[in-house]
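Hey, can you work out the whole structure from these sequences and the hints?
Protein chains in written order, with our numbering: chain A, 1 to 303; chain B, 1001 to 1340; chain C, 2001 to 2326; chain D, 3001 to 3327.
Everything labelled a hint here was simulated from the structure, so no lab data went into it.
Just so you know, even glycine gets a beta-carbon here, dropped at the ideal spot from N, CA and C.
Misleading hints may appear alongside valid ones.
[What the hints assert, rightly or not] Below are the DSSO-like pairs computed for lysine-lysine, each with C-alpha atoms no more than 30 Å apart in a straight line: (1) D:K3018 - C:K2058; (2) C:K2122 - C:K2222; (3) A:K192 - B:K1110; (4) C:K2122 - D:K3018; (5) D:K3023 - C:K2058; (6) A:K192 - C:K2222; (7) B:K1024 - A:K192; (8) A:K268 - A:K74; (9) C:K2058 - D:K3200; (10) C:K2122 - D:K3023.
[To be verified] Here are the in silico distance ranges between beta carbons for each label pair: (11) D:P3143 - C:R2318: 15 to 25 Å; (12) D:S3078 - B:V1040: 50 to 60 Å; (13) B:E1149 - D:S3078: 35 to 45 Å; (14) B:R1021 - D:A3135: 35 to 45 Å; (15) A:C26 - C:G2125: 18 to 28 Å; (16) A:I108 - D:S3081: 22 to 32 Å; (17) A:P29 - D:A3082: 26 to 36 Å.
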Amino acid sequence: MTAKVTVTATAIRVETPLRRIVSDFCGNPVAVVGLVLLGVILLLALFAPWLSPQNPYDLAQLDVMDSRLAPGSKSPSGGTFWLGTDDQGRDMLSAILYGLRISLGVGIAATVLALVIGLATGLPAAYLGGRTETLVMRIVDIQLSFPAILIALILIAVLGQGTGKVIAALVTVQWAYYARTVRGAALVERRKEYIEAAHCLALAPARIVFRHLLPNCLPPMIVVATVQVAAAITLEATLSFLGLGLPITEPSLGLLIANGYQYLLSGKYWISFFPGIALLLTIVSINLVADQLRDVLNPRLQR
Amino acid sequence: MSETAPAPRAPLVELRGISKRFVKGLDTAARIGNLFGAGVAEEVVHAVDRVDLAVSAGEVVGLVGESGCGKSTLGRLAVGLLAPTEGGRYWNGAPLAGLAPAAARLQQLKMQMIFQDPYASLNPRMRVEDIVGEAPVVHGIVPRAQQHEYVREQLNRVGLDPALMRRFPHQFSGGQRARIGIARALAVRPEFLVCDESVAALDVSIQAQVLNLFIDLREALNLTYLFISHDLGVVRHVSDRVVIMYLGRVVESGPTDDIFAAPRHPYTRALLAEAGTVEPIKRTFIPISGEIPSPLDPPPGCHFHPRCGQAMPRCRESAPALTEIAPGRLSACFLDGAHA
Amino acid sequence: MLVFIIRRSLQSVVVLFAMSLLVFVGVYAIGNPIDILINPQADQIDRERAIAALGLDKPLWSQYLTFLTGALSGNLGRSFVHSTPALGLILERMPATMELALTAMLFAIVLGIPLGLWAGLKPNGIAGRMIMTGSILGFSLPTFWVGLMLIMVFSVELGWLPSNGRGPTVLLFGLVPVSFLSVEGWRHLLMPATNLALFNVALLIRLTRSGAHEALLQDYVKFARAKGLTNARIIGVHVLRNILIPVVTVIGLQFGALIAFAIVTESVFAWPGMGKLLIDSIGVLDRPVIVAYLLVIVTIFIVINLIVDVLYSALDPRVRLTELKG
Amino acid sequence: MSVPLLAVDGLCTHFFTKAGVVKAVDGVSFTVARGEVLGLVGESGSGKSMTGYSIMGLVDPPGRIVSGVVELNGRDLSALSAEDMRQLRGNRIAMIFQDPMMTLNPVLRIDVQMVETIRAHQRVGRAAALERSRAALVQVGIPSPDERLQAYPHQFSGGMRQRVAIAIALLNNPDLIIADEPTTALDVTIQGQILFEMQKLTRETGAAMIWITHDLSVVAGLADRVCVMYAGRIVEEGTTFDVLTHPWHPYTQGLLDSVPARGARGTRLSQIPGMTPSVQDLPPGCAFRERCGYATDECTVNPAMRDRGVDGRGVRCFHPLRAGTAA
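Written as C-alpha cells, this is what we have:
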C-alpha cells in the first residue's frame, strides 16, 4: 500500500469511557462526599440486623416502661438509647436502621421495575416509530401531566394498602419518565451516522438495538434512575406518612415519622426528628450523586 | 435512458427513475381544521425527483450540489439506506428489489457508505477493534478467532497504527476517525463506495491525506465511487464524471474535464463561477441572484428559472428534460439545441 | 390558530375521557361498587333501593353511561359523611387550597428566579455554589417532615406561629373567603405556604440557573456583547427573554403539582382545603368525595395545561408562527 | 508611515484549564491599515478565531490575555476600562460570527436587535435609530426592509440572517470589522453573494476588515494581505499575491499544495504528513517541525519572525523556501 501516514501511539494508557466518567466524577468533592455517604447508608441498611442494638420488632425485647425516653437515656438492660425510644419503648436507632432497609428496598425495587418497563416500551417506540410510538407517547404524556403523588394516591385508594401495592403504585408513577427519556435519547442516537453505518453493514436489527443503540441511550437513563430512586423513597415516605403507604408491620422511615407526629406538640421531637434526618441524608446523598452524574454523563460535555 | 455512450455491459450500479418524497401528513386536528377552512396542506418534500444515475465499474462519479439539492438522499438511495418512493436500483443490470433476505444481506455488503461527521459516524462506546471487526465476524467473512489479525490488516491499509485498536473513538483526531470509518466500510470487502461529504469536516491538510487515501484505495482494490460533495475543487480532483443536482433534479452531467472546461447549464456555470481558486487574483465577486428555494415549495417548471439570467417564459411552465447534447453529456435546459 | 385550538381541545377531551374511564374502572369495576357507593350503615331495604336507583344491576357500559351523564351534569353523588353533594363539598374547600398554592407559587417565583439567575451568571462564585448546594437540599427535603420541623420550631419551641388551621378569613369580592387580607390570616398562611414552596424554589433555582448558563454559551449572547450592549441589557433582555420560555412553562405546570402536593401540607398543618378533605375521605372511605375530587382536579389540570400552551406560544415566536400557520 | 488603524504586538491569550495551560494565541503581531482587508488564515485550533476575540476583548474564562498590546488608532485597548471597551465594541470595531443561524437572538425581533445596537452607543431617538436600521438593511441588499424589520430571525434563510448580522455590524460605521468565517456555513452561491456585499461595503464605507478563514480560496480573491497561523503563531505574512504565489514557510507551501487544483485529476495530492498538533502540550521550538521536511536540530528553538521589511513580508522559519528553493 502506498498511503502510509501511520500515526504512532503517543499515549499507552487506554482511556475507557468508564474510567473517564470515574475520574470526572471525582472532580467534585461535594459529589464524592455524597457518594461516600450513600455507600455508608447502603451498608447500614444492608447490615441493619447485625448493627442494631436491638431487634425493634421482637416484642420480647421491648418494654413499655422504656417508652418515649429522650436521646441518651440508659436502658434498664444496660444499653444506651442514643436516639431515644418511641411510644412502644423501641430503640429509635434500631428502628431507623430497619426503616432505612425497608425504604431503600421499596425504592430500589420500584426503580428497577419501572426502568425495565420504561426501556421495554420506550426503546421499541423510538425504533419502530409510527402508531406504536404515537400510542406509547400519548400514554406517557398524559401520565406525566399529572403529579406523581396524585396518581399514587388514586392507585392506593383503589388498590388498597400493602407493600406490593405501594411498589406497583410507584412503578406506575415512574415508568413513564424512563420511557420518555429513553425514547428521547434513542431518537437522537438513531439519526446519527454510526447507526446508519450499522444498517449499511447489514447487521441484524436486534443487534443494532442492543449493541449500538441501547448502550448510547443508557447515560441519561442512569441519571434519571438515580433521581427517581430518591423520588420513589420520598413518595413512599409521604404515602406512609399519610397513612396510605406501607402497613404497620413494615415500618419504613415515613411511618416512623408519622408515628412521632402526635408527640411532637408535647416537645418529644426525637421520634419524628431522627427518622427524618435519616431520610434526608439518604435523599441528599442520592441527589448529590445524581447531580454530578448529570454533568459527567452530559453528551454535550463529552467528545 | 442511458447516460454513457453505448456500453458493452451494464453499469455496476444503476438507479432508474428514482424518487424520494418525504411526506409530513396531517393529524386529526389539522383535518378537522380543514373542514372549517384552515387550509392546511400536507408537507411534501421531493428530495429526489425522478433521477437516473449509472455508475460503471471502476468509475468515480462526482455528485455536486448545494444544501437541500437531494444529493445526500440520492447517495442513501443508492446504497440502500433509504427505500425509494418510486423507481428501481440495479446491480450489474439485475434489479435489487425483491431479493431474498440472505441474498439481500450479501448484496448490501457490496455497497458501503463513508460518512461525513467523523464524530457521529463512530459508535462512541465501542473500541476500534469492534467497530471495524464486528461486521466481518457477524457475516462470517473472518472467524472470530482471527478478528484481531484481520482488523490489524484493515487498519494498516488505511494508514492507522494497529496498536491503537483497543482505543475508543474519542481518543482520535478527526482525520484518524475518518480513516477508521473507511476501514470499517472496507472490512466487508465492498465493490462500491458512496462517499457522502467524507472530507468536508476535515482541515485542508488532513483533507488532502484522506483524498489521497481514496485515490490509493481505488487503484489497489478496484473500487467504484459515488463521490458526493459541495466542494467543486475536490470533486474535480477525484471524479471521472460529474453529475450536478439542483432541488432534487439532475441539471447536467458529463465527463469532468468537459464540464469544467465548458459548462452548459446556467446553474452549472454559476456554480463554477463561484468556485474558489487559490490563485491570488483580486477578483470582484459576481453573485448569482436570489436564494435557494425551499424544497418544500419548489418553483414550477425549471427549478432554477427564478435565479436564471436567461430564463424564458416557457421555463416557468415546464421543466426541460435531461437530454444528450454531446456524447456522454447531458443537460436539462431549453437553451440547448435539442429542445429548440 | 384554529388547528392549534382544535388540537388542544381534542387532547383535553381525550384526557378527560381517559381519566373518567380510569376513575370509573377504579371505583366501580375493581372494587365492589355496592360497598363503595352505598353507605355501609344502610339497612337491607335501603341497599336494594339504592342498587336499583344507581343502576348497579345493569351491564357495565350502561353503568358507565349513567356515571358519565351524572358527571357531566355536575352530579357526582352525595358524601356519606357530610350528606351533602360531593361536588359542592369540594368547591367549598377549593379557595383555601388555591390560596395556599398561589401564595406558595409567589414565594417560589420571588425567591427562585433571582437566586437561580445569580447562580447561573456566577457559577463559580461562593454565593453561586452555595445557592446550588442549597437547592439540592431544597430538592431533597421531604415536604411533610419539613412541615413537622417548622411546627416544632415556630409553634412548639418559639410559639410564634399557629400550627394549624386557616385562621380568620375575610371575604374577597364578597364571596371568596381568604386569609391573606388579615395579619392573623398571614400568620396562619406563612408556614404552610413556605413549606409547600420549598420544592418549587429549588426547582426554579435549578431551571433558571441552567437556562442562564445555557444562554450565556450561545452565540447570540456573544454577538450581543460584540455589539457593545451593556451587561444589564444582555442579561435583562437577551438572556431573560430566552429563559422565560421554559420558566413560565414550568411555573404553569408546577402550579398543578402544587395543588396536588397541597394534600401533604394541608394534612400536616390541618389546612381546611381540598387535599385535607381528600385524605379524610380516603380514611373513612367516602368514595363519592374521592371521585369528585379527582374529576375536579383533572379539569383544573386541563385548564392549566391549556393556559400554559397559550402562554408558551405567546412567548416563543418560533412556536407561535409554525402553530399559527399549521 | 502614519499610525496604523490596528496594531497587535506580542499578543498571548492562554487558557488555564485543569489539564494545563493552552496557549491558544502565542505571541501574535500584525497591523491593519485603514481600509485594508487582512486575511487571517489557519486550520482549526490555530488560534485565528481567538485572535479575533482577543482584539474585541471577548475572551471568556478560563481564557485570559496574558501579554501583548492591541492598539486601535494608537490607543492601547488593554488600558481601557470595561465600560470604555464596551463603548468601543460594536461601535469602532464590529464582529460577525460564523453561524448565522445562532448569532441572532431567536426571541427578539430584528428591529429590536438593530435599534439596541445604535442606542448602546449613540444618544438618538427610537425613530431615528429605526430609520438608520432600515437604511443598513437596504445597504446589505435585503428586499422589503420595512417588513423584514418586524420579523423574527427564524423567518430568514441562513444567507439573509448573515446579511442582517452584517447590517448590524455596519450600524455605527465601524473603523474595523472582524469577520470570523462568516461564509463557511453557507452554500457556494450564497457565499458568493455575501463576499460580493462585503467587498462592496468595505469599498463604500472605507472600513478595514480582518477576515478569519480556513479557506485559502476566499482569501485569494478578497484580501489585500494575508497572515498564516499555525498552532497559535503567525508563521508567515505578506501581500496575498506574494504569499500565495511564492510561499516562504513550508507549512504555507504544504497548505497550498493540499488544495485540489486544476489538472492532475485523479492523482495524489502532495500532502502534509501527520496531524494538526494540539496546542495543549506543544513541544518547544517550531510547532511545525514534526511535519516538516526541512526540519533540522536548529528548529527545536522557536524561530523569530524574519524579514519584516518590504511590503510587511515575514516568515517564522529557519529554512524559508526563498525563490529557487521552493519545491
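Problem set entry | Proposed proximity, K3200 of chain D with K2058 of chain C (alpha carbon, max 30 Å) | Measuring from Cα to Cα gives roughly 85 Å; hence the hint is violated.
Exercise. Has the hinted range 15 to 25 Å been met by the Cβ atoms of P3143 of chain D and R2318 of chain C?
Worked result: For P3143 of chain D and R2318 of chain C the Cβ distance comes to about 23 Å; the hint holds.
Exercise. Between E1149 of chain B and S3078 of chain D, does the beta-carbon spacing fit 35 to 45 Å?
Worked result: Hint violated: Cβ distance 60 Å, outside 35 to 45 Å.
Problem set entry | Range agreement (Cβ of S3081 of chain D with Cβ of I108 of chain A, hint 22 to 32 Å) | 57 Å, violated
Problem set entry | Range agreement (Cβ of G2125 of chain C with Cβ of C26 of chain A, hint 18 to 28 Å) | For G2125 of chain C against C26 of chain A, whose Cβ atoms are near 23 Å apart, the range 18 to 28 Å holds.
Exercise. K2122 of chain C and K3018 of chain D: Cα distance at most 30 Å?
Worked result: The hint holds at about 19 Å.
For this session: May I ask you to test the hint 35 to 45 Å on the CB atoms belonging to R1021 of chain B and A3135 of chain D?
Result: Roughly 44 Å apart at Cβ, these two residues keep to the hinted range, so it holds.
Exercise. When you check the alpha-carbon spacing of K1024 of chain B and K192 of chain A, does it fall within 30 Å?
Worked result: 21 Å, holds
Problem set entry | Assessment of proposed distance window 26 to 36 Å (beta carbons of P29 of chain A, A3082 of chain D) | 33 Å, holds
Exercise. Are the Cα atoms of K2122 of chain C and K2222 of chain C separated by 30 Å or less?
Worked result: Between K2122 of chain C and K2222 of chain C the Cα gap is close to 17 Å, so the pair holds against 30 Å.
Problem set entry | Given hint K1110 of chain B paired with K192 of chain A - CA-CA distance at most 30 Å | 22 Å, holds
Problem set entry | Hinted pair K3023 of chain D and K2058 of chain C, Cα distance within 30 Å | Status violated; Cα separation ~83 Å.
The earlier numbered hints that this structure contradicts are 1, 5, 9, 13, 16.
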